[in-house]
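**Q** These are the residues of each chain, in order.
There are 4 protein chains.
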Amino acid sequence: MQFSVSSRLSYEVRAQTVFVLNVEAAALRNQKILTEQLDLSPGVALDRYVLDGGTRLVRAVVEPGTFEVAYTATVELDMHDADPAQVAETPIAQMPLEVMPFLNPSRYCQSDMLGRFAQRQFGGLLPGHPRVTAICNWIYEQVDYQSGTSDSQTSAYDTMVQRAGVCRDFAHLGIAFCRALGIPARFASAYAWQLDPPDFHAVFECYLDGAWYIFDPTRKAAIQGLVRIGVGRDAADAAFATIHGDAQMTAMSVSIEPVAEDGAVPDTEPTVRAVGIA
Amino acid sequence: MQFSVSSRLSYEVRAQTVFVLNVEAAALRNQKILTEQLDLSPGVALDRYVLDGGTRLVRAVVEPGTFEVAYTATVELDMHDADPAQVAETPIAQMPLEVMPFLNPSRYCQSDMLGRFAQRQFGGLLPGHPRVTAICNWIYEQVDYQSGTSDSQTSAYDTMVQRAGVCRDFAHLGIAFCRALGIPARFASAYAWQLDPPDFHAVFECYLDGAWYIFDPTRKAAIQGLVRIGVGRDAADAAFATIHGDAQMTAMSVSIEPVAEDGAVPDTEPTVRAVGIA
Amino acid sequence: MQFSVSSRLSYEVRAQTVFVLNVEAAALRNQKILTEQLDLSPGVALDRYVLDGGTRLVRAVVEPGTFEVAYTATVELDMHDADPAQVAETPIAQMPLEVMPFLNPSRYCQSDMLGRFAQRQFGGLLPGHPRVTAICNWIYEQVDYQSGTSDSQTSAYDTMVQRAGVCRDFAHLGIAFCRALGIPARFASAYAWQLDPPDFHAVFECYLDGAWYIFDPTRKAAIQGLVRIGVGRDAADAAFATIHGDAQMTAMSVSIEPVAEDGAVPDTEPTVRAVGIA
Amino acid sequence: MQFSVSSRLSYEVRAQTVFVLNVEAAALRNQKILTEQLDLSPGVALDRYVLDGGTRLVRAVVEPGTFEVAYTATVELDMHDADPAQVAETPIAQMPLEVMPFLNPSRYCQSDMLGRFAQRQFGGLLPGHPRVTAICNWIYEQVDYQSGTSDSQTSAYDTMVQRAGVCRDFAHLGIAFCRALGIPARFASAYAWQLDPPDFHAVFECYLDGAWYIFDPTRKAAIQGLVRIGVGRDAADAAFATIHGDAQMTAMSVSIEPVAEDGAVPDTEPTVRAVGIA
Chain B
1 MQFSVSSRLS
11 YEVRAQTVFV
21 LNVEAAALRN
31 QKILTEQLDL
41 SPGVALDRYV
51 LDGGTRLVRA
61 VVEPGTFEVA
71 YTATVELDMH
81 DADPAQVAET
91 PIAQMPLEVM
101 PFLNPSRYCQ
111 SDMLGRFAQR
121 QFGGLLPGHP
131 RVTAICNWIY
141 EQVDYQSGTS
151 DSQTSAYDTM
161 VQRAGVCRDF
171 AHLGIAFCRA
181 LGIPARFASA
191 YAWQLDPPDF
201 HAVFECYLDG
211 AWYIFDPTRK
221 AAIQGLVRIG
231 VGRDAADAAF
241 ATIHGDAQMT
251 AMSVSIEPVA
261 EDGAVPDTEP
271 TVRAVGIA
Chain P
1 MQFSVSSRLS
11 YEVRAQTVFV
21 LNVEAAALRN
31 QKILTEQLDL
41 SPGVALDRYV
51 LDGGTRLVRA
61 VVEPGTFEVA
71 YTATVELDMH
81 DADPAQVAET
91 PIAQMPLEVM
101 PFLNPSRYCQ
111 SDMLGRFAQR
121 QFGGLLPGHP
131 RVTAICNWIY
141 EQVDYQSGTS
151 DSQTSAYDTM
161 VQRAGVCRDF
171 AHLGIAFCRA
181 LGIPARFASA
191 YAWQLDPPDF
201 HAVFECYLDG
211 AWYIFDPTRK
221 AAIQGLVRIG
231 VGRDAADAAF
241 ATIHGDAQMT
251 AMSVSIEPVA
261 EDGAVPDTEP
271 TVRAVGIA
Chain V
1 MQFSVSSRLS
11 YEVRAQTVFV
21 LNVEAAALRN
31 QKILTEQLDL
41 SPGVALDRYV
51 LDGGTRLVRA
61 VVEPGTFEVA
71 YTATVELDMH
81 DADPAQVAET
91 PIAQMPLEVM
101 PFLNPSRYCQ
111 SDMLGRFAQR
121 QFGGLLPGHP
131 RVTAICNWIY
141 EQVDYQSGTS
151 DSQTSAYDTM
161 VQRAGVCRDF
171 AHLGIAFCRA
181 LGIPARFASA
191 YAWQLDPPDF
201 HAVFECYLDG
211 AWYIFDPTRK
221 AAIQGLVRIG
231 VGRDAADAAF
241 ATIHGDAQMT
251 AMSVSIEPVA
261 EDGAVPDTEP
271 TVRAVGIA
Chain F
1 MQFSVSSRLS
11 YEVRAQTVFV
21 LNVEAAALRN
31 QKILTEQLDL
41 SPGVALDRYV
51 LDGGTRLVRA
61 VVEPGTFEVA
71 YTATVELDMH
81 DADPAQVAET
91 PIAQMPLEVM
101 PFLNPSRYCQ
111 SDMLGRFAQR
121 QFGGLLPGHP
131 RVTAICNWIY
141 EQVDYQSGTS
151 DSQTSAYDTM
161 VQRAGVCRDF
171 AHLGIAFCRA
181 LGIPARFASA
191 YAWQLDPPDF
201 HAVFECYLDG
211 AWYIFDPTRK
221 AAIQGLVRIG
231 VGRDAADAAF
241 ATIHGDAQMT
251 AMSVSIEPVA
261 EDGAVPDTEP
271 TVRAVGIA
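Chains as they are written, first to last, in UniProt numbering: chain B, 1 to 278; chain P, 1 to 278; chain V, 1 to 278; chain F, 1 to 278.
Mixed in with the good hints there might be a few duds.
Any copy will do: because identical chains look the same in the list, a pair fits if it lies in one copy or spans two.
[Claimed, not checked] SDA-like mimics (lysine to any residue), calculated; alpha carbons at most 25 Å apart, straight line: (1) K220 with D112; (2) K220 with R116; (3) K220 with R120; (4) K220 with N137; (5) K32 with E98.
Keep in mind that the hints were calculated from the coordinates and are not lab data.
Fair warning: this is a prediction, and the values are worked out from it, not measured in the lab.
Make the full structure from the sequences, and use the hints.
**A** Below you can see the structure in the form of structure tokens.
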């Protein structure tokens, strides 16, 4: 399934500023970038780097004035529908060792402190994809999705008590529960089809049965229409723009649409099927 | 129903030390102290004060050496059994204003942060004594009672995430939920009949229907055998001994037994009946 | 020295609402209320209560519509200038026992967690009023006064790390340090002369040498022009309005001016002198 | 300079257990492993993985009974002494992009919350190695090194308030300050020459002037005698043993000694020189 994505960021730069941008689709096995274009205006030299997990960073040094970032791409997602009941958890003994750091607690996902609750609530469930779905359902039912109830310092620990947040908080709580149960989990920012209003979205991925599977406890977007951008431990690793200097964002727009392939109308369904993305 | 209570504290005092002790039964309307004796050894002058809520403080300045505190009392608890279904919550509009500070958050009971969960979980229940019982049941079922899982800095916020603690943590969580729902709640330390092993216990009280009702979410003691000692906002107000100086506790024992009244064997039942203690 | 104070609060009430108001000058020994008037519009019956520390609560049940609260008073502050060097700390052994709860940690003042820093930074200073002034100076120098950096959940623990806040945060930090050093301390909301822009202010008081002394680490108001309103453990005890129901504040104004007494121009000085207010 | 290091861990395994061990010297450019041997007893198959930063993980599935891990190695540290005044900070604009994740906050290093203090305290200092040394000196002077004052949940946020901890807390605070100032910083566990009593140690490294420089704010070990083991975001990434199953450690010993090279007696000096370890 193909998607056309775009984002446009405008800044007023008041002093020389270093931007580290992360708006390009991530380099993932199941996410093929067919075409893409990144325009910086004014045009400036840029450095690029692809982090281990596939996150693509761009750095630009920008002089005072107006600065615009425009990104467009066509991305093919090669997601396969699996039968959730067949997607098992990978035993620690067989898990690729490079995946194991995603069991560690991180800034916003204090899995070390949520273990007792996670075990009590989800420990008795059948392991595998349905257990992570149960986690997502619990978050959806127990946490209010409400702007303004959390901020950039809010962590899973806080959300567990305060029971309100936005997509990144939902993702952090899901990640923390999974890690507490021995399931490697990572954060992903994304272009999210059908997210309304359009914005950068946050979801999470679990390593199950040899692949990373995607989950969205907010149920706000189509699970098979998530073009991942930044992939990392948690939101600390996936800011779309990090600004070192003095600049103010003046406008932002984000879009994603499916590319019609021989007239087929894609079918959408929130976080219920097992969607493998390895 | 009458109880014979006693406590004995032993200290090794290494430099002149000020002790503020709170081991005597509180001065409460429904808790009549029939006889009592406080012995300090060596005998030292002491100051006394009764706080607003009935907590009785004793201060002693003690020179280096061995210091022993021995307290014994016979206390009559005038508890009345009410039909829980008849014990309503007092509307804010009719609540005595002096009770309202017990709606405020305190050190260990951050009711301001637990409101959303409390409303979601308990807000739809019929107001009154059964709602507080539902809170106690939830705590009993969701939090592990386990020594060593919490310390003197652990608050209701932490217990809500970590789901383990001891009697004071159970009481703090109950208080926080009640305050969040508009029910005044306070902490009480107590001599607790049938607590095994014997120790100072912690419970909480709610202001309902014109009186303070007692609750013990731990279910570890007989609800009608609680002789209250310190009553306050939370555990910060109810330490049995505060030590300013240099002294080390070397031994402690606590006991409580019902006093046989014409051969009647008292009947015990954990936190299920409405026990009024106004 | 006399002050004329006033406040006016306007609300849009959408459903029957219980207001608990605390805008009247507190009943304190050194704060004589010469004249005062509280007007509620529409006029509604009200209940009154004076808390132990002198805080005066008013409760009103208000029907839907516009609701206005207007308070004016003339208050004489009987503050005496003491020589700070002569204002000692009261030893625990001699402190009135009713003052001792103000040594306990509270919601926003976790003195139990700040003890090591307080001892290290201020423990070696000469005890007494100058030590509390040193605490105020430290706060003034180390914490940025900046709106929007804190919220109603911010505590002294947070401010110690984040180093920014507003008047209530400054007061909470001062209280926490004092309690950690064995100095009873309490929070006070106040009409504050020369505060610019005019607003309700927050300061703190310490029990020293037999009286409560006032301190303002923000240096934003005249220390001798503080008409106290709510006095308590911390901001949790001193909200100017607590709303149970559905009402929205639409306007608020606060003022305080010295009343000319035989032409004398009062002299103002920020938090440097010892100002006793017992 | 060469060191002979060893560690021996003994466990009582009660049910099949997966061990993830990280006791081998890390694969770092300036740390050459001349000889090494890892013995597991009973001998079991093991998986190996080298994480991006050089951390070497070993996984073993162990059946019930006694389990022993013995590691010995000879390691040559190729540290060069630089003139600290010549070791500059790398501007964000020139920093390798792969280093930038070490600017992000992590579980135990909430650099996002410590920025104001870091700027205020260290922001005005001359950038470069001496600034990080100033950070280490501040930590050494302001935080008590004391066992039992912190636990596995203690973070830099807590240590900033509570001012006590052990080596990992010292490292976390140093890392948090550095990241807050725009200096990439990472955590390292180590065999530490002259640490008394011998144990695994924790230090941190900063990316300065094109290389990772090592710092030890505890001053408890010889800065040029640190054989790094686990390198990561913080202590969450550098446990010497992670146990999935049911096993109890029964004994542990750690040692490190310089290997005499032509009779030279190595000279030791705590955290003052710039020691480059790129």
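**Q** All hints are to be evaluated individually against the structure, with a verdict given for each.
**A** Here is how each hint holds up against the structure:
1. Within a single copy, K220 and D112 get their C-alpha atoms no closer than 28 Å, and across copies no closer than 28 Å, so neither meets the 25 Å cut-off.
2. In this homomeric assembly, K220 and R116 come within 25 Å of each other (Cα to Cα) only across copies, at 22 Å, whereas the closest approach inside a single copy is 29 Å.
3. Taking the shortest Cα distances, K220 and R120 sit within 25 Å of each other only across copies (21 Å), while inside one copy they are farther apart (28 Å).
4. For the identical chains of this complex, K220 and N137 are intra-copy neighbours only, at 13 Å inside a copy versus 34 Å across copies, given an alpha-carbon limit of 25 Å.
5. In the homo-oligomer, the alpha carbons of K32 and E98 lie at most 25 Å apart both inside one protomer (23 Å) and across protomers (23 Å), since each shortest distance falls under that limit.
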